[in-house]
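Colleague: Letter by letter, the chains look like this.
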Amino acid sequence: MDTRPAANQPYRLPPPLFSARCRACWFTTAVLLLIAASFWTLDLQWAQFLSLDAARSMGRFIAEFFPPDTSPEFLRKVAIGTAETLAMSAFGTALAAAAGVLLALPASRLHEGDAAWGRRPTRLLLNALRAIPELVWAGLLLIAAGLGPFAGTLALAAHTTGVLGRLFAEAVENAPPGPGAALRAQGVGNVRIFLYATLPQVLPQLMSYTLYRWENNIRAAAVLGVVGAGGLGQLLAFHMGLFQMGKTATILGAMLGLVALVDALSYATRRGLTR
Amino acid sequence: MSTTALQPPPRRPPRPAPAHDPAWLSRLFWLGAALVLLWPMVVATEFRPWILFEPKNLEVTAQFLGSFVPPAHSADFLALVARETWRTVAIATAGLTLALVVAVPLTLLSVRVLSISALSGRMARGPAVLRQLVRWLLIVLRSVPELVWALVFVRVVGLGPTAGVLAIALTYGGMLGKVYAEILESGEPHTTETLLRNGSSRLQAFSFGLLPQNAAELTSYTVYRWECAIRSSVVLGFVGGGGLGQQLDNSMKMFNGGEVFTMLVVFVALVAMADRVSAGLRRALG
Chain H
0 MDTRPAANQP YRLPPPLFSA RCRACWFTTA VLLLIAASFW TLDLQWAQFL
50 SLDAARSMGR FIAEFFPPDT SPEFLRKVAI GTAETLAMSA FGTALAAAAG
100 VLLALPASRL HEGDAAWGRR PTRLLLNALR AIPELVWAGL LLIAAGLGPF
150 AGTLALAAHT TGVLGRLFAE AVENAPPGPG AALRAQGVGN VRIFLYATLP
200 QVLPQLMSYT LYRWENNIRA AAVLGVVGAG GLGQLLAFHM GLFQMGKTAT
250 ILGAMLGLVA LVDALSYATR RGLTR
Chain R
0 MSTTALQPPP RRPPRPAPAH DPAWLSRLFW LGAALVLLWP MVVATEFRPW
50 ILFEPKNLEV TAQFLGSFVP PAHSADFLAL VARETWRTVA IATAGLTLAL
100 VVAVPLTLLS VRVLSISALS GRMARGPAVL RQLVRWLLIV LRSVPELVWA
150 LVFVRVVGLG PTAGVLAIAL TYGGMLGKVY AEILESGEPH TTETLLRNGS
200 SRLQAFSFGL LPQNAAELTS YTVYRWECAI RSSVVLGFVG GGGLGQQLDN
250 SMKMFNGGEV FTMLVVFVAL VAMADRVSAG LRRALG
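Respectively, the protein sequence lines represent chains H and R. Number 172 in numbering that gives the first Met the number 0 belongs to position 173 of the first sequence; there are no gaps in the numbering. Number 237 in numbering that gives the first Met the number 0 belongs to position 238 of the second sequence; there are no gaps in the numbering.
With the rest of the complex left out, here is chain H:
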């Protein structure tokens, strides 16, 4: 009997559309079910949104934005709001960087054989700080710090401390151990080892993480105020609440301009640095 393989591959049917062993099929089914359940359980008011009436009210709403309020005194108010937003983001990030360094030390294993008792609890704390968004922090801190940019700054600092502390701890743990070990062999204490061996090595990394978070925080600070935590967002919520649409349009313009400016600057810097 001829046992040579056939010259041509035997014709095979395409795989069946669904088989119990196909993980992608189960995944797709689950996703489709999740989407269907989502649309089904949310009482979305499409009729209201897509009706002629809604279109008209939307049109009226947009028309009210024009003309934007460009009177000098209001522009000055918006400029102050923008400056406040920038200051909130910068100062919040600076506070977070300082707190992040302080928390990164107990959150990392400094050398081999370091018992690092504080590692687990500190990391838990950092994760908790990080898991709660800035806006929720702002809402919580308003109770203790009152309305205004102070609450916003603290909120940004709280969330960013979680993010930066974790990144800093990773950086400290991944730093080359040589210089630190040399100092430790001479009997130098942990604090001075950190200051003179570890910190100089990881400083550029810490700076780049901090700048990156600052960029994010400018964007966050712009909208943080809608719960009353200062900056452009607070102006926006205030004037929108009073239905002063011309002023709202100016504030929205300032907000978008700020975000676009930050995006463009960061893009240009990144390109300049990587080229």
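It should be emphasised that the hints constitute simulated quantities derived from the structure, not laboratory data. It is possible that part of the hints are untrue.
Computed list of chain R residues with no C-beta within reach of chain H, every gap over 12 Å [unchecked claim]:
{"hint": "1", "residue": "P7"}
{"hint": "2", "residue": "P9"}
{"hint": "3", "residue": "F28"}
{"hint": "4", "residue": "L108"}
{"hint": "5", "residue": "I115"}
{"hint": "6", "residue": "L118"}
{"hint": "7", "residue": "M122"}
{"hint": "8", "residue": "G125"}
{"hint": "9", "residue": "V133"}
{"hint": "10", "residue": "L136"}
{"hint": "11", "residue": "G159"}
{"hint": "12", "residue": "N197"}
{"hint": "13", "residue": "N213"}
Partner residues aside, some chain R positions facing chain H, computed with beta carbon under 8 Å [what the hints assert, rightly or not]:
{"hint": "14", "residue": "M40"}
{"hint": "15", "residue": "T44"}
{"hint": "16", "residue": "R47"}
{"hint": "17", "residue": "A81"}
{"hint": "18", "residue": "W85"}
{"hint": "19", "residue": "V270"}
For every residue, glycine included, the Cβ atom is placed at its ideal position computed from N, Cα and C.
Dock chain R against the given chain H, drawing on the hints supplied.
Modeller: Quick look at chain R alone, frame taken from chain H:
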């Protein structure tokens, strides 16, 4: 030859270790410079930490924090939290689905690899302009923060999940469209080009050349964005977008610490779960 040249030079005594930090002056300078730079910000942000410790504020804070324990755990409330948690997930999922509806056509319009005129030299004027316009549209959609979209839509459709879903759909539509286009253009264009050169339509070239090559990366990014959408749908609740955030806002305004605490715990658990699910799925995609 004199014998002195053969003698070893007199040993200098070892330099004593500096008693002070040798770089203390520059450190002091930079510390001072940083303080001077930070001062205007301290003023602008009304940074007055002692406010936190004024007796009146301290009392309010202590009362609020004290009411965290015991966390609210009545059956009614837990049922409400479960319902709102599901609504949060549903808002994120529905929003992301609509974002895909926005993003996919715009991506197909803006991807340069699918240009037929670009096969032979430069892309023609019309398609190039169209692609640039679509790109700008995506950038505009993306750069308006979702919170602002939500504030606008709350005015038009009223409080509730519709505003949240629409806000997520628009912002995430922009993000997905831009990143999809980048992913599709970063791959190897050879297969797609061959298909196009041999007369396949653009949609065919996309489905049989471009999509199979990049499917894993596209799916992975979409799953990651779903995770982000869950986080932001909670935030959108604060301006009236429905879900867990709206309940959290209500409880905060009523100083009901027990409810706030329960919802914060549920929220953190939800985010951690979404994080796990998304990381697991992305690892499975490779």
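Colleague: None of the hints should be skipped; say for each whether it holds.
Modeller: Right, here's what the structure says about each hint:
1. Every beta carbon of chain H lies more than 12 Å from that of P7/R, the smallest distance being close to 28 Å; the non-interface claim holds.
2. For P9/R, the shortest C-beta to C-beta distance to chain H comes to about 27 Å, beyond the 12 Å cut-off, and the non-interface label holds.
3. Once the 12 Å rule is applied to beta carbons, F28/R is consistent with being away from chain H; the minimum gap is 17 Å.
4. Interface exclusion of L108/R from chain H stands, the closest Cβ pair being 22 Å apart, more than 12 Å.
5. At the 12 Å boundary, the C-beta of I115/R stays outside the reach of chain H, the nearest C-beta of that chain being 29 Å off.
6. At roughly 29 Å, the least C-beta separation between L118/R and chain H is larger than 12 Å, which holds for a residue marked as non-interface.
7. Non-interface status of M122/R relative to chain H is upheld: no Cβ of that chain comes within 12 Å, the nearest being about 23 Å off.
8. With a least beta-carbon separation of about 27 Å from chain H, G125/R lies farther than 12 Å from that chain, consistent with its non-interface assignment.
9. Distance check for V133/R against chain H: the nearest CB is about 18 Å away, which clears 12 Å, and the non-interface claim stands.
10. At the 12 Å boundary, the C-beta of L136/R stays outside the reach of chain H, the nearest C-beta of that chain being 14 Å off.
11. With a cut of 12 Å on Cβ distances, G159/R falls inside the contact zone with chain H, its closest approach being about 7 Å.
12. In this structure N197/R is separated from chain H by more than 12 Å, as the shortest Cβ-Cβ distance comes to about 22 Å.
13. Distance check for N213/R against chain H: the nearest CB is about 16 Å away, which clears 12 Å, and the non-interface claim stands.
14. For M40/R, the interface hint holds, since its Cβ comes within 8 Å of a Cβ in chain H; the closest pair sits about 4 Å apart.
15. Checking T44/R against chain H by beta carbon gives a least distance of about 4 Å; that is within 8 Å, so the hint holds.
16. Contact between R47/R and chain H, as hinted, is supported at the beta carbon level, the nearest pair being about 6 Å apart and thus within 8 Å.
17. Here the hint on A81/R is broken, as its CB sits about 12 Å from the closest CB of chain H, past 8 Å.
18. Using the Cβ-Cβ criterion of 8 Å, the hint placing W85/R at the interface with chain H is satisfied: the shortest such distance is roughly 7 Å.
19. Look at V270/R: its Cβ gets to within about 5 Å of chain H, closer than 8 Å, so that hint holds up.
In this structure, the earlier hints numbered 11 and 17 are contradicted, and the remaining ones agree with it.
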